[in-house]
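Participant: Position chain S against the provided structure of chain A, taking the given hints into account.
Keeping their order, the protein sequence lines are chains A and S. The numbering of the first sequence is the numbering used here, which starts it at 1 and goes up by one. The numbering of the second sequence is the numbering used here, which starts it at 1 and goes up by one.
Since the hints were derived computationally from the structure, they do not count as laboratory data. Keep in mind that a hint or two might mislead.
If several chains are the same, the list does not tell them apart, and a pair holds so long as it fits within one copy or across any two.
Said to hold, decoys possible - Derived pair list, reagent style DSS-like, types lysine-lysine, alpha-carbon separation capped at 30 Å:
id, residue 1, residue 2
1, K5, K245
2, K13, K28
3, K185, K5
4, K13, K185
Keep in mind it's a predicted model, so treat the numbers as computed, not measured.
Okay, here's what each chain looks like letter by letter:
Protein chains: 2
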Amino acid sequence: MAETKEPLIIRDKLQMRNWSRSMRIQGKTIALVPTMGFLHNGHISLINEAHKNAQLIVVSIYVNPGQFSTSEDISTYPSDFNGDLKKLMGVSGGVDVVFNPYNLYDYGDERESVVRREKVEGVAAAAVSCVESGAAGGGHETWVRVEKLGNGLCGRSRPLFFRGVATVVSKLFNIVEPDFAVFGKKDYQQWRIICRMVRDLDFSVQIIGSEIMREDDGLAMSSRNVYLSSEERQKALSINKSLSKAKHSVAQGLIKCKELRESLILAVEEAGGKVDYAEIVDQQSLEAVEEVKSPVVFCVAAWFGKARLLDNIEINV
Amino acid sequence: MAETKEPLIIRDKLQMRNWSRSMRIQGKTIALVPTMGFLHNGHISLINEAHKNAQLIVVSIYVNPGQFSTSEDISTYPSDFNGDLKKLMGVSGGVDVVFNPYNLYDYGDERESVVRREKVEGVAAAAVSCVESGAAGGGHETWVRVEKLGNGLCGRSRPLFFRGVATVVSKLFNIVEPDFAVFGKKDYQQWRIICRMVRDLDFSVQIIGSEIMREDDGLAMSSRNVYLSSEERQKALSINKSLSKAKHSVAQGLIKCKELRESLILAVEEAGGKVDYAEIVDQQSLEAVEEVKSPVVFCVAAWFGKARLLDNIEINV
Numbered sequence: 001m002a003e004t005k006e007p008l009i010i011r012d013k014l015q016m017r018n019w020s021r022s023m024r025i026q027g028k029t030i031a032l033v034p035t036m037g038f039l040h041n042g043h044i045s046l047i048n049e050a051h052k053n054a055q056l057i058v059v060s061i062y063v064n065p066g067q068f069s070t071s072e073d074i075s076t077y078p079s080d081f082n083g084d085l086k087k088l089m090g091v092s093g094g095v096d097v098v099f100n101p102y103n104l105y106d107y108g109d110e111r112e113s114v115v116r117r118e119k120v121e122g123v124a125a126a127a128v129s130c131v132e133s134g135a136a137g138g139g140h141e142t143w144v145r146v147e148k149l150g151n152g153l154c155g156r157s158r159p160l161f162f163r164g165v166a167t168v169v170s171k172l173f174n175i176v177e178p179d180f181a182v183f184g185k186k187d188y189q190q191w192r193i194i195c196r197m198v199r200d201l202d203f204s205v206q207i208i209g210s211e212i213m214r215e216d217d218g219l220a221m222s223s224r225n226v227y228l229s230s231e232e233r234q235k236a237l238s239i240n241k242s243l244s245k246a247k248h249s250v251a252q253g254l255i256k257c258k259e260l261r262e263s264l265i266l267a268v269e270e271a272g273g274k275v276d277y278a279e280i281v282d283q284q285s286l287e288a289v290e291e292v293k294s295p296v297v298f299c300v301a302a303w304f305g306k307a308r309l310l311d312n313i314e315i316n317v
Numbered sequence: 001m002a003e004t005k006e007p008l009i010i011r012d013k014l015q016m017r018n019w020s021r022s023m024r025i026q027g028k029t030i031a032l033v034p035t036m037g038f039l040h041n042g043h044i045s046l047i048n049e050a051h052k053n054a055q056l057i058v059v060s061i062y063v064n065p066g067q068f069s070t071s072e073d074i075s076t077y078p079s080d081f082n083g084d085l086k087k088l089m090g091v092s093g094g095v096d097v098v099f100n101p102y103n104l105y106d107y108g109d110e111r112e113s114v115v116r117r118e119k120v121e122g123v124a125a126a127a128v129s130c131v132e133s134g135a136a137g138g139g140h141e142t143w144v145r146v147e148k149l150g151n152g153l154c155g156r157s158r159p160l161f162f163r164g165v166a167t168v169v170s171k172l173f174n175i176v177e178p179d180f181a182v183f184g185k186k187d188y189q190q191w192r193i194i195c196r197m198v199r200d201l202d203f204s205v206q207i208i209g210s211e212i213m214r215e216d217d218g219l220a221m222s223s224r225n226v227y228l229s230s231e232e233r234q235k236a237l238s239i240n241k242s243l244s245k246a247k248h249s250v251a252q253g254l255i256k257c258k259e260l261r262e263s264l265i266l267a268v269e270e271a272g273g274k275v276d277y278a279e280i281v282d283q284q285s286l287e288a289v290e291e292v293k294s295p296v297v298f299c300v301a302a303w304f305g306k307a308r309l310l311d312n313i314e315i316n317v
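So here's chain A without its partners, still in its complex pose (with noise of 0.2 Å):
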């Protein structure tokens, strides 16, 4: 905590657009980090990680209403502006910019803008986001949709999460315009999307991909892991465990995929939680492989307690 530099917190687009475009006629180079809040240390290494590319950073903090569903509770998404704020003020090189814009839905007509923020019971709710539920006829209704990489994994019991969060990406580029955004493979899925996007949509954005932050323990860094009792926490390291376990099976010589993921969801249920899935899967396509042949990611979703954790390792053979 030796720096103190006071980040510029900037809420409105035109302030934020209008920032960098005079960033980068005095030719500096611009990172976006884009957040939620509720930060923590797996944050900061995504800062440490923009520091190495780009002169000036941008954190956003913004708990996006488009990737939640009205059956999932945005209301209780856990927040701490001020000790969001206190932790980027400690962060080696500083933060130049925090955008923590009120509502990015906002299109200056009241009736249009509102965004519902109460949970919705039901399976329709889950096809409906927040933004669209509270939108009353001419309301956002543009959606960003990377079609193949989004339907697997998460995306099975999400349906709209990514479609959301590709769209706030891409509004977050249009509006802070940077050079360089930094994203963390422990949401691998999420990573791959966006270069997708990039690529796909020809956004003049560079994606890095930041590894996964862990405990001393092994336990993925998540905002998630305050959910979870202690006697869940130590439950739940089994997830690292077994991945590591998978990785070095390989290693040997063990390259059936079915062995593999069983032998991961015997243990992380055997440790008491509830796996939602655990696949192998092309690090590039993230389509399901049977034998481990070339380069691959195991992805895990498990639940815990109340907390649905994610974690993933890659094998590179």
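Facilitator: Chain S alone, transformed into the frame defined by chain A:
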């Protein structure tokens, strides 16, 4: 044809963006006029409109496979690049750049960048664009969709069309980085969709809607008019005449859309046309109205011979 300013022809994405950035650094403003080539005076009017707003003009000429379904025939889409260049050299004030990329869906992987150019028969073919059908595996898969505005009018018979338009326009915006872009109001739905997309995704591009250009006899200018025999051309005037008559009727107090529509459909079909749709819709939401009590647009698509012609008239009450 007083001037003979020769435009710079750019075929490479990166070179295009570099040109724009070098101009922006000099404080110049840029307007983009996106076209599919085979230029006529309607296009020239878009360029004239561009000159009123920006210092530099980029005209893109690109037949976008992403907006053709495989049941439509992209290979016979008319083109005349040299003729287009000649016309552009005659434009008052000139054109600075013609951006004429080979393939905007070529991402450097030979296997994945094939675009299907043959027509495929059958209903299923209508649900896949020429980009998707030619891409095996890791090809282009990111699409921008303006959900509601794209569903009605032309969206009903061409379910992929506006998705393809919004996507290629996003790509062009990210490559050219213009300050302005000009779209013709003849394609009214397209214009509204682009406006909404720009707002919803926070593109920093100002969209200019350019009024419909008509031949001396009132026929809306279109690349498709070349498909009309002289007899069909004469009969096709019924569209514009009926639209003007409808506007006149409204001014005289007839506000029932049912009657206005029936009267137009009758006139066009008596002239030998086949009406695809004739709808009176809100200018912003493009939702059908029952009575003309607020600004509407009367949109028509009708077949004469092999040509599907579009026309419309705004009625501001």
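Participant: Measure nothing new, just compare the shortest in-copy and cross-copy C-alpha distances for K13 and K185 to 30 Å and report within, between, both or neither.
Facilitator: Close inside one copy (28 Å) and across copies (29 Å); limit 30 Å.
Participant: Tell me, please, which holds for K185 and K5 at an alpha-carbon limit of 30 Å: within, between, both or neither?
Facilitator: This pair counts as within: shortest intra-copy Cα distance 28 Å, inter-copy 51 Å.
Participant: For K13 and K28, with the copy left unspecified, which applies at a CA distance of at most 30 Å: within, between, both, or neither?
Facilitator: both (20 Å within a copy, 23 Å between copies)
Participant: With identical chains, the pair K5 and K245 could be close in the same copy or across copies; at 30 Å between alpha carbons, which is it: within, between, both, or neither?
Facilitator: neither (42 Å within a copy, 68 Å between copies)
In this structure, the one hint that does not hold is number 1.
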